[in-house]
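Colleague: In case you want the letters, here they are:
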Amino acid sequence: MPIIFSKGADVLLRRVVSVVILTVALGTAVVWYYFTPKYTRVGYAPEQPVPFSHEQHAGKLGMSCLYCHTNVERSPHANVPSTQTCMSCHTQIKANSPLLSPVRESWSSGEPVDWKRIHKVPDYAYFNHALHINRGVGCASCHGQVNEMKVVYHAEPLSMAWCLDCHRKPEAHLRPAEEALNMSWKPPSEKTQSEVGRQLIEQFHINPGQNCQGCHR
Amino acid sequence: MNHCPSHQPPKVSALPTAVLVGKEYWRSLDELFDKPEYREWLEREFPNQASEWLGGTVSRRRALQLMAASLGLAGLAGCRRPDYPILPYTKTPESVLPGLPTSYATTIHRPGSAFPVLVETQEGRPTKIEGNPLHPWSQGATDLQAQAAVLDLYDPDRSREVMLTGQPSTWQAFDAFAETHISGLFERRGQGLHFLSEDVSSPALRLLREHLRQVLPEAVWHVHEAMGSENVDHGAALAFGKPLTPTYRFQNADVIVSLGSDFLGVEDGAVANTRAFAERRKVEDSLAPMNRLYVVENHPTTTGGMADHRLRLPASQLQEYMLALARELLSRTRQDQGSDNPSSKLVKSIVGVGSPVPLPSGWVREVATDLLAARGRSLILAGQQQPTLVHGLAHLLNAELGNLGNTVLLRERPEERIKSLGELTESMRRGEVGTLVVLGSNPVYDAPSDLEFGVVLKRVPHTIQLGLYPDETSAVCAWHLPMAHFFECWGDAETADGTYSPVQPLIAPLFGGRSALEIVARLCRYETTEPYEIVQSSFRRRTDLGMEAFRQFLHDGVLHDSAWPIVNAAPDWAALTRAVEEGEKRTADVGPNNLELSFHADRRLFDGRFANNGWLQETPDPLTKLTWDNAAILSPATARLSGVTTGDVLELNLAGRTLQAPACVLPGQADYSISLPLGFGRTRAGRVGNGVGCNPYRLRTTALLNMGVGVQLRKTGRTHRLACTQDHGSMQGRDLVRSLTLQEYRDLPAAQASAESNSLPLYNPAALDGQHQWCMVIDLNQFTGCSACVVACQSENNIPIVGKDEVLRGREMHWIRVDRYFTGSADDPGVAHQPVACVHCENAPCETVCPVNAAVHSPEGLNLQVYNRCIGTRYCANNCPYKVRHFNWFDYNQRPLDQLLAGPLAEKGMPELLQMQKNPDVTVRMRGVMEKCTYCVQRIERGKTGARLEAAGSAAYSIPDGTIVPACAQACPAQAIIFGDLSDPNSRVAQAKHRTRNYDLLGELGTRPRTSYQGRVRNPNPRLAATELVEEEDG
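Going line by line, the protein sequences match chains A and B. Quick note: the first sequence uses the working numbering, first residue 13, plus one each step. Quick note: the second sequence uses the working numbering, first residue 41, plus one each step.
A few of these clues could be false.
Think about it this way: if two alpha-carbon atoms lie no more than 30 Å apart in a straight line, the pair counts; the simulated DSS-like pairs of lysine-lysine are [to be verified]:
hint : chain 1 : residue 1 : chain 2 : residue 2
1    : A       : K132      : B       : K131
2    : A       : K72       : A       : K132
3    : A       : K128      : B       : K948
4    : B       : K498      : B       : K388
5    : B       : K131      : A       : K162
6    : A       : K106      : A       : K50
7    : A       : K106      : A       : K128
8    : A       : K128      : B       : K958
9    : A       : K162      : A       : K128
10   : A       : K132      : A       : K203
11   : B       : K755      : B       : K131
12   : A       : K132      : B       : K844
13   : A       : K72       : A       : K19
14   : B       : K459      : B       : K282
15   : A       : K203      : A       : K128
16   : B       : K948      : B       : K844
17   : B       : K923      : B       : K844
18   : B       : K388      : B       : K282
19   : A       : K72       : B       : K131
20   : A       : K132      : B       : K958
21   : A       : K203      : A       : K181
22   : A       : K132      : A       : K50
23   : B       : K844      : A       : K106
24   : A       : K162      : A       : K50
25   : B       : K923      : B       : K958
26   : A       : K128      : B       : K282
27   : A       : K162      : A       : K198
Computed list of chain B residues with no C-beta within reach of chain A, every gap over 12 Å [stated by the list, open to error]:
hint : residue
28   : T205
29   : G631
30   : E981
31   : Y997
32   : R1063
Hints are computed from structural coordinates only; laboratory data are not their basis. Keep in mind the model is a prediction, meaning the values are calculated, not measured. Where a beta carbon is used, it is the ideal one built from N, C-alpha and C, also for glycine.
Input sequences plus hints: build the corresponding full structure.
Modeller: What follows is the structure in structure tokens.
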């Protein structure tokens, strides 16, 4: 009977098998990390037409989020301010700054400023800002420390798993509803976050949905 | 299993088998006679060749090649994250909260009337129409056409620019022309200037007409409506000596006799009528006794379907019936008086005319007895298209029965001298018309064909047409001006009873159109051409109220108590007697050798004005279940006589004019009477409406406006495929729709333990532990089949249309299917309608077979479909016993209907205009996804969010019953659909579930549906039922 496999065949087989296993493992790892929102979204900081600094406005000047995002307590959308809102201050302050020229142009032409959208959930997911703000989820929980951002970037993955983490364990993120807009809120020193959270859950019957119906329509 | 006891649905009791008549219902003639075609349809499951592409130019192989190619290209494009812009307002508009809808009250003009609505706008885009709850004409409900009006606004085929003899022109050019032309007309005091408008009841337009009469006294105004209400006016004038407007109060009527009146269907005020009528069909809640409806008609209508007794008579014999009823009633009410009182004279004249037709004796005697027993609480109605004499006699009898002021209110409205289309055509023939301004009307399409309007129009030197679409009339007119849609302009309107309501713009004109008010004001040099200012002047004149009241008027969408004054009137016996004597000697010898043809407004397209509306085209007609077509409707006996079957193309010849129309054999049609719905066969409606169906206006003449006797019928030998949905998803003759008589219902023992709500547990039952348990009850006793719910659902839930070819394959996407059932004999059956959407089974068969968990149950009892999980196996649809799941076979939202199977590289995407209509709260589904009724989950969530926000800062929140209303229930004029929370024992829905006539559809399968039905209760007259039975046996 002729020999089909040479002496090296066993070695070759082992090598091939280990290369395949390694490739698959590596591929899985690459996809696991690089193809998920943790990588694709977090850190996304597109260049905006106006280099608006939240650090300056919300941080140093201490303006309330509500000054610009007026509807966040009432509407599903946290609106981006109209040109009018910008111009209410910037007709006096830095009225001739070249950086603000797109805003002035918009004001005179009536065409909107072409902001780039950073936070976006898919079209089939419906997020409600008003509900979260009124039930004690702070801005910072999803958007990060915006008051410290010179350029706003995507701070959290906003993936479904990430949403569900909080919906399953809301005590880790809840705060009193009146502190929702406070970017630097910390649980009082004598209590831990989960103690505060659990107390709020009990007090306000907070029962975040974990059901498809809540977000997908 | 952690079923909370309070969340268990109440014990559902079946109607006892003794009175259960569900199994006697049938859906089509083919099913009744068990024809082979029908069996084949059922056994095939999918229609013949459903899987093959017949219409396209792309072969299957080529399509696969292109798909593979596009897949390769798609890989390259997917690497970059796309930029999404955010475009905020520059100036913050008042009262717009991005993300939350705002509603505005406005009004839709209808022939001689109006329909008040609330329009939901999303950031300035009108997206959904609801009825105006403050207006008596709507009371929060809508009809089919009102729901679909929003689609017309965004119709890409709408007129976009000013045209002069077919060439694009500008408004500036028109204004310059108008200025010089009008100067000439002013010199001649308007001689030769004629206006032709639709029957628009608008005080602002009346104001302008008055101004016109002052400055241009020689100018003439004409009004044309294809389905107008002249006969109603003439009938009232005949009976009372002046043109009073009758309005009806069905809530006060115990006995209603309708002669060819489709007051629950296509006639004006149908929504208010249905609400009032249904109020008296609520067997449990109503203190007043259930009403009884007699209908005499030639073709089956929505109203006929609700009748307790229905008599089929050819249209030409309805007058005979009216005369016979008048004779019977009058001789019984006035029997003790002498022979020379006015009543006896009238009776004598009726006897003198003689009745050539034998009428079923019981139908005259027993109906008269019933009417006499309900004096002051009865109502006799004549259809809008019935002859003047029938209207006159109906008024007389209502007066005689003491119904005036109780069930019939007569109102006096301001009179105005307005001329007809016939008079205009005469003037045009004589060459007296120098300038014709057509406002919105389309006479070239819908005028009686003997007027030859299109031909005569060419003789007019200057023609100007203002229209929403470049239509048949604009093709002949020199100037065509784009008209502003009624959601784009200011105006005002009155319903037929005179209730005053505003028309206010919700969006700036999309295509730079102008309103009729603006054009007329310009042409008669009114002090302003701003419609807003004209409306304010009109408001001040109509009401004597100030600006504060005007703002309230705009807010409410109605001026309360502004209807015309109610007047008393006594019938003019002598005039009616003369009319009977002088009336045409009736040769009502309709029979096998002398067929009759009648015309009626289509239940969806009305007179053809809605022909380019895809939603309406695809809504199945409530009775024939036809989509995308009209057909000559024949009774089974007439069809047998002529050897015709459904789909045969017939050539109809009426007084020398011919028309080819497909036949549709419909049980319940009067024998020897053929009826043709108008509104189809448009040639210049737009891409949707062009060439759909046949155009009956070609047979319609001034003399034979509503019907003609002596139509010749010839089979052409060709056939036409009618897209009829009646057999789609047949349910194999189970007792799905149930009814019983009022007496049987009263005799029913109180709630019995249900034999059929068998609840075998699933292997993994859903935990129904939500705070709310949503469910629905549909009352078949109130459901008329009008199909407003179907379009309301389509509008709310972004449901696409699929086109005739796809409907033929059984792929229509409507989440609500209105099943039509017949019961009784094939010739003269009773009709029942049943809406079926997803019933949200607690033990849902669809959920257990989904391999990707796209069909899942929510703790609140909703059967959810998760679009982003769905991979399109369609197992769920196969396993659904109710056949309510709909699959997106193609990218209906991304492709025009004629390019559904164009290659994958072909242009894709939804036109921006159509995107504007979409409800932003509902996902627009793509190809390959299953969808179905969600109980309007977006509205549930909006309601819950609202309640939670209101309760923010406190512990519990509750949702009051009636806060959350799905689109179908909101639109329903009959309030047949109740939605609510089953866990609240006081909710209307929980109460309704305890009724003995409550039953589950296919409850024996143990699916435990959340939607249940309430059996229909009929209220027949036992004495008439007995005589009908005898006559049937004799016959």
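Colleague: Would you mind marking each hint as holding or not holding in the structure?
Modeller: Structure-based check of each hint:
A distance of roughly 24 Å separates the Cα atoms of K132(A) and K131(B); the hinted pair therefore holds under the 30 Å criterion. Between K72(A) and K132(A) the CA atoms are separated by roughly 27 Å; this keeps the pair inside 30 Å, and the hint holds. Pair hint K128(A) plus K948(B) holds up; C-alpha atoms about 25 Å apart against a cutoff of 30 Å. Of the supplied pair hints, the one linking K498(B) and K388(B) is violated, its CA atoms being roughly 51 Å apart against a limit of 30 Å.
The suggested pairing of K131(B) with K162(A) holds, with an alpha-carbon distance near 26 Å, which does not exceed 30 Å. At most 30 Å may separate the alpha-carbon atoms for a hinted pair to count; K106(A) and K50(A) exceed this at roughly 38 Å. Among the hinted pairs, K106(A) with K128(A) is consistent with the structure: their alpha-carbon atoms are about 23 Å apart, no more than 30 Å. Under the criterion of a C-alpha separation no larger than 30 Å, the hint pairing K128(A) with K958(B) is consistent with the structure, at around 24 Å.
Between K162(A) and K128(A) the CA atoms are separated by roughly 15 Å; this keeps the pair inside 30 Å, and the hint holds. With a C-alpha separation of about 34 Å, the suggested pairing of K132(A) with K203(A) is violated against the 30 Å cut-off. Only pairs whose Cα atoms come within 30 Å are accepted, and K755(B) paired with K131(B) is rejected, the gap being roughly 66 Å. Distance check on the hinted pair: K132(A) and K844(B) sit about 38 Å apart at the alpha-carbon level, beyond 30 Å; violated.
This hinted pair does not check out: K72(A) and K19(A) have alpha carbons roughly 74 Å apart, beyond 30 Å. Taking the CA atoms of K459(B) and K282(B), the gap is near 17 Å; set against the 30 Å cutoff, the hint holds. About 40 Å separates the Cα atoms of K203(A) and K128(A), which puts this hinted pair outside 30 Å; it is violated. At roughly 21 Å between alpha-carbon atoms, K948(B) and K844(B) fall within 30 Å of each other, so this suggested pair holds.
Note on K923(B) and K844(B): the hinted pairing holds, with a Cα-Cα distance of about 20 Å set against a maximum of 30 Å. With a CA separation close to 25 Å, the supplied pair K388(B) and K282(B) stays within the 30 Å bound. A distance of roughly 27 Å separates the Cα atoms of K72(A) and K131(B); the hinted pair therefore holds under the 30 Å criterion. This hinted pair checks out: K132(A) and K958(B) have alpha carbons roughly 20 Å apart, not beyond 30 Å.
Straight-line distance between C-alpha atoms of K203(A) and K181(A) comes to about 17 Å, which keeps the hinted pair within the 30 Å bound. Distance check on the hinted pair: K132(A) and K50(A) sit about 14 Å apart at the alpha-carbon level, within 30 Å; holds. About 62 Å separates the Cα atoms of K844(B) and K106(A), which puts this hinted pair outside 30 Å; it is violated. For the hint pairing K162(A) with K50(A), the CA-to-CA distance comes to about 21 Å; that is within 30 Å, so the pair holds.
Only pairs whose Cα atoms come within 30 Å are accepted, and K923(B) paired with K958(B) is accepted, the gap being roughly 26 Å. A distance of roughly 68 Å separates the Cα atoms of K128(A) and K282(B); the hinted pair therefore is violated under the 30 Å criterion. The suggested pairing of K162(A) with K198(A) holds, with an alpha-carbon distance near 22 Å, which does not exceed 30 Å. Every C-beta of chain A lies more than 12 Å from that of T205(B), the closest at about 36 Å, which supports listing it as non-interface.
Every CB of chain A lies more than 12 Å from the CB of G631(B), the least distance being 58 Å, so the non-interface label holds. A beta-carbon of chain A comes within 12 Å of the beta-carbon of E981(B); the shortest separation is about 7 Å. For Y997(B), the condition that its CB be more than 12 Å from all CB atoms of chain A is violated, with the nearest at approximately 8 Å. With a least CB separation of 54 Å from chain A, R1063(B) remains clear of the 12 Å interface cut-off, as annotated.
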